[in-house]
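Trainee: Going down the list, the protein sequences come from chains A and B.
With positions in the first sequence counted from 1, the corresponding number in my numbering is that position plus 7.
Residue numbers are given in my numbering: position 310 of the second sequence equals residue 309, and the series is strictly consecutive.
Don't read these hints as lab results, they were simulated from the structure.
Check each hint, because a few of them may be wrong.
[As the list claims (entries may be wrong)] Straight-line alpha carbon distances no greater than 25 Å define the calculated BS3-like cross-link-like pairs of lysine-lysine that follow:
(1) B/Lys-64 / B/Lys-75
(2) B/Lys-311 / A/Lys-39
(3) B/Lys-60 / B/Lys-74
(4) B/Lys-64 / B/Lys-74
(5) B/Lys-75 / A/Lys-45
(6) A/Lys-45 / B/Lys-60
(7) A/Lys-118 / B/Lys-311
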Amino acid sequence: MLQEYLPLLIIFLIALLVGIIAMLLGYLFGPKRPTRRKSAPYESGMVPYGPGRRRMSVRFYLIAVLFILFDIEVIFVISWATVVRQVGVPGLIAMAIFLGLLEVAHLYAWKKGALEWE
Amino acid sequence: MDAGMILEWVIKSVVMVLMLTGGFAYVTLFERKVIARIQVRVGPNRAGPQGVLQPIADAVKLIFKEELTPAGADKKIFILAPLITVLPALTVLAVVPLGPPLNLFGRTVNLFLTDINVGVLYIIAITSISVYGITLAGWSSNNKYAMLGGLRATAQMISYELALGLAIVGPVILAGSMSLVDIVDAQRPMWFAVLQPAGFVLYFIASLAEVNRAPFDMPEAEQELTAGYHSEYSGMKFALFFMAEYIKMIAVATIGATLFLGGYLGPFVDRFPILGPLYLVAKVVVWLFVMVWVRSALPRIRYDRLMALGWKVLFPLGLVNVLVTALIVVLVGG
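Produce the entire structure from the sequences given, and follow the hints as far as they go.
Mentor: Shown next, in the form of structure tokens:
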């Protein structure tokens, strides 16, 4: 049953191995002569000031929350898509209602300005 | 399940990973050559005839570069981030059939690593993971450019993932299956790009944004963010990010060709199965050429317009496309 997922595990391990080997090559052959100036954060040659991790705009959180909402919708759509022929017209009507409701939410977020960047 | 099958899977996995890393090296050369020609330059031509050894020279140079870790960086995440980015890129093609079954060494060999019945879902899930790598890279660098680049990349990739997911629904409806093997088989009468023109265009645009390619390369806009999320990375760690980006280009091109352009199908492919992989490679090369062409022809799109395009145009268009496709399939019986 889960047998066809075993190759995925194998390729994951091999891909991980390739990544680790690549990083080890750089680690083994690259020179390591850090100085204080060299390891300062790069700011186009200016002396860096302030912390590197700043507070971020709330817009990014908003986009992330909206994404979760609508991505779950896409997952439902995909699982319905495989059986469109079997469920026929009733399934189509149900899906149209579901998508319609979510489109109302999308329009609401749009009109509220959640999708604007200024 | 026996030792022979496990050996077959290991060999296929190694071949696939090596093909992708080799393909990555030559896609960089391909891109530099094509862009050079478009800009009336020659491009790299010193290392080997016509510059064919340039990728190897680049790799050797990157191996011998000093790797810097910026002060104040979160070291564990800083090292982990390139790995998290490159892993999904190398594994996403595991469910894509690269050709019809071949007779090799007296046994039938399927030219895919595995055929799971949720192949499309696997692709969507795996491509999402690379978002983590990019976000963590930007966050752990303790650098303002990297942080901004990482945030932009995250917001952009998750926004376009919606459109990408909806674009993929079209072929799934037409084929009635999420398995990539079934989707290719369902395209024997006609390519899905013909039946799904809107979905095809949607997939192309969304996939450009998903792999941060021009004109959607805001996360690494050189003029304002130096290099975006990988500003602080050097040497092989940088090479891994670069590798992930180009392998993801190959991956979206291969998946796009499989979903919309008939995958390995082509004339005489049933009589000579060996032609299958060649057709697929030809389609992928054409797709990559268009991606490079778009990069050299179009200016970068402004960030607010990019988000507006994703949320206000592509996402509703994707929804309409899904409903219209389903309506036609149900009513006409397509």
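Trainee: Quick check: which numbered hints come out false for this structure?
Mentor: Per hint list: single violation, 2.
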